[in-house]
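**Q** Quick mapping for you: the protein sequence lines, in order, are chains A and V. Per the numbering used here, residue -19 is the first one in the first sequence, and the count goes up by one each step. Per the numbering used here, residue -19 is the first one in the second sequence, and the count goes up by one each step.
Please note that the accuracy of each hint is not assured.
A pair counts as met if it fits within one copy or between any two copies, since identical chains are not told apart.
What the hints assert, rightly or not - Lysine-lysine pairs mimicking DSBU-like chemistry, simulated, CA-CA at most 35 angstroms apart: (1) K(-6) to K32; (2) K57 to K129; (3) K181 to K161; (4) K130 to K(-6); (5) K(-11) to K130; (6) K95 to K203; (7) K176 to K161; (8) K(-11) to K120; (9) K(-6) to K120; (10) K181 to K142; (11) K32 to K161; (12) K161 to K57; (13) K95 to K140; (14) K(-6) to K57; (15) K129 to K(-11); (16) K172 to K140; (17) K57 to K101; (18) K203 to K129; (19) K129 to K142; (20) K120 to K156; (21) K(-6) to K129; (22) K(-11) to K32; (23) K203 to K120; (24) K57 to K(-11).
In case anyone wonders, no lab produced these hints; they're calculated from the structure.
Protein chains: 2
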Amino acid sequence: MKKTNLEEKEFLQKYDSSMFEKPSVAVDVLIFTIEDDTLKVVMVEREEFPYKGCLALPGVFVGIEESLEEAVKRGVKVETGLTDIYFEQLYTWGDVRRDPRMRIISVSYMALVSKDQLYAKDAGGDIGRLLHPVEEVLQKDCEVAFDHKKIIEYARERIKNKVEYSDIAFNFMSEKFTLPKLQKVYEILLDKELYKANFRKKISNMVAETEEYTSGDAYRPSKLYVRNSEGDCK
Amino acid sequence: MKKTNLEEKEFLQKYDSSMFEKPSVAVDVLIFTIEDDTLKVVMVEREEFPYKGCLALPGVFVGIEESLEEAVKRGVKVETGLTDIYFEQLYTWGDVRRDPRMRIISVSYMALVSKDQLYAKDAGGDIGRLLHPVEEVLQKDCEVAFDHKKIIEYARERIKNKVEYSDIAFNFMSEKFTLPKLQKVYEILLDKELYKANFRKKISNMVAETEEYTSGDAYRPSKLYVRNSEGDCK
Chain A
-19 MKKTNLEEKE FLQKYDSSMF EKPSVAVDVL IFTIEDDTLK VVMVEREEFP
31 YKGCLALPGV FVGIEESLEE AVKRGVKVET GLTDIYFEQL YTWGDVRRDP
81 RMRIISVSYM ALVSKDQLYA KDAGGDIGRL LHPVEEVLQK DCEVAFDHKK
131 IIEYARERIK NKVEYSDIAF NFMSEKFTLP KLQKVYEILL DKELYKANFR
181 KKISNMVAET EEYTSGDAYR PSKLYVRNSE GDCK
Chain V
-19 MKKTNLEEKE FLQKYDSSMF EKPSVAVDVL IFTIEDDTLK VVMVEREEFP
31 YKGCLALPGV FVGIEESLEE AVKRGVKVET GLTDIYFEQL YTWGDVRRDP
81 RMRIISVSYM ALVSKDQLYA KDAGGDIGRL LHPVEEVLQK DCEVAFDHKK
131 IIEYARERIK NKVEYSDIAF NFMSEKFTLP KLQKVYEILL DKELYKANFR
181 KKISNMVAET EEYTSGDAYR PSKLYVRNSE GDCK
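Use the sequences and the hints to build the structure in full.
**A** Shown next as structure tokens:
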């Protein structure tokens, strides 16, 4: 409960917020998807200095009358054409010299989106061009702006850890999927091969069978499953 | 790899970082411990407006030449007398009107510390006075500054979740402890009673027996255990 009295009002009126030099605050977003059995991240080519021509995470400065989430929404729309994506806050980066222009503190947000959803939410029709394989981006000779390589590495680790104890892998799945496809996604995210029996046991509680089968490809039909959102990670 | 050329140098020299109005950035810290079988959080009484006289999390503005972690260290020392505490970043709070003075974005950091360690790291000798039971602080009629009640609630939830899949409960233990004591700490953090058999099974991998027993109290001696840092949460 906040007490407001005359003395406090006066204090606030006289408060000079320019007493100290302030940092700038930006948001940067990491949008991951899986395409062609590869983990990819949305990146844009910088059109301006610094790091002109380098790949960067989409991001904007936070407006003085704008919440962090509003800045994320705006930045994503302006830089990628995507709308209606659900983001979670990842981490805030505050190294003093992370930007050559000035002190910029960046709050990073992450979204994990299935390829179907990503293309569906792409108003600009250009999203395919912005998808870059994470492994390629993290390679030594890839020119990535600012500390964005470090941010991507951090997010990559976070995903790997979280797959073990949560159901975030399902974010990358279409509504209906086969179990081999789900296993493949787990393998991509964990960056290792899994034993089918162990994998099936681990996820048994998290999926529900449908009456449907795959069709139309050269393999024999596989049963389709959906996410069982009431199930727990074992 | 950053390309620096004449054009970029010129751009950076001319860059006017005062083009846009900037928010202020602060760090706020949550230091939790367990004392008298109660989860407590370190809070200070505000000596100045706004929220004069209310409880607040220790915090400072981030200096323009100071990293977030440096600001945390400085703020904790100045406001609580504690030094050498390990913090993890928790979450960044950016609601536009969260402070009546001006736009302030706050990066919160959390530490979980055993009571023994907390008192050992207290240079000022005053830390006991700053410990407040989390449940009391979260009560409706407790006068807490800014959105700090919300931040504490968020941290409380995070701890509860993390206890389930990690070994963070051990942060609250002395070096050697009995299993009933460990169970009690789990119960406090999870806010529910646990069945002894299930609990012992869950933590069996995370503790190692010593040859020592408790002594000096009225009960019969109990075996002392240490954390087995190679063990995994089952």
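**Q** Are the hints correct? Go through all of them and say.
**A** How the hints compare with the structure:
1. K(-6) to K32: between (42 angstroms within a copy, 16 angstroms between copies)
2. K57 to K129: both (22 angstroms within a copy, 33 angstroms between copies)
3. K181 to K161: For K181 and K161, both the intra-copy (16 angstroms) and inter-copy (34 angstroms) Cα distances are at most 35 angstroms.
4. K130 to K(-6): Between copies only: 28 angstroms across chains, 42 angstroms inside a chain, cut-off 35 angstroms.
5. K(-11) to K130: between (44 angstroms within a copy, 24 angstroms between copies)
6. K95 to K203: within (21 angstroms within a copy, 54 angstroms between copies)
7. K176 to K161: within (12 angstroms within a copy, 40 angstroms between copies)
8. K(-11) to K120: between (55 angstroms within a copy, 24 angstroms between copies)
9. K(-6) to K120: between (52 angstroms within a copy, 31 angstroms between copies)
10. K181 to K142: Answer is both: 18 angstroms inside a copy and 23 angstroms across each meet the 35 angstroms cutoff.
11. K32 to K161: Result: close neither inside a copy nor across copies, 39 angstroms intra and 58 angstroms inter.
12. K161 to K57: within (30 angstroms within a copy, 52 angstroms between copies)
13. K95 to K140: Both: 19 angstroms inside a copy, 33 angstroms across copies.
14. K(-6) to K57: Result: close only across copies, 29 angstroms inter versus 38 angstroms intra.
15. K129 to K(-11): between (46 angstroms within a copy, 23 angstroms between copies)
16. K172 to K140: both (10 angstroms within a copy, 30 angstroms between copies)
17. K57 to K101: within (10 angstroms within a copy, 48 angstroms between copies)
18. K203 to K129: Cα proximity of K203 and K129: none, with 39 angstroms in one copy and 49 angstroms across.
19. K129 to K142: both (20 angstroms within a copy, 27 angstroms between copies)
20. K120 to K156: Cα proximity of K120 and K156: none, with 37 angstroms in one copy and 45 angstroms across.
21. K(-6) to K129: between (43 angstroms within a copy, 27 angstroms between copies)
22. K(-11) to K32: between (47 angstroms within a copy, 12 angstroms between copies)
23. K203 to K120: neither (42 angstroms within a copy, 52 angstroms between copies)
24. K57 to K(-11): between (39 angstroms within a copy, 30 angstroms between copies)
When held up to the earlier numbered hints, the structure conflicts with 11, 18, 20, 23 and fits the remainder.
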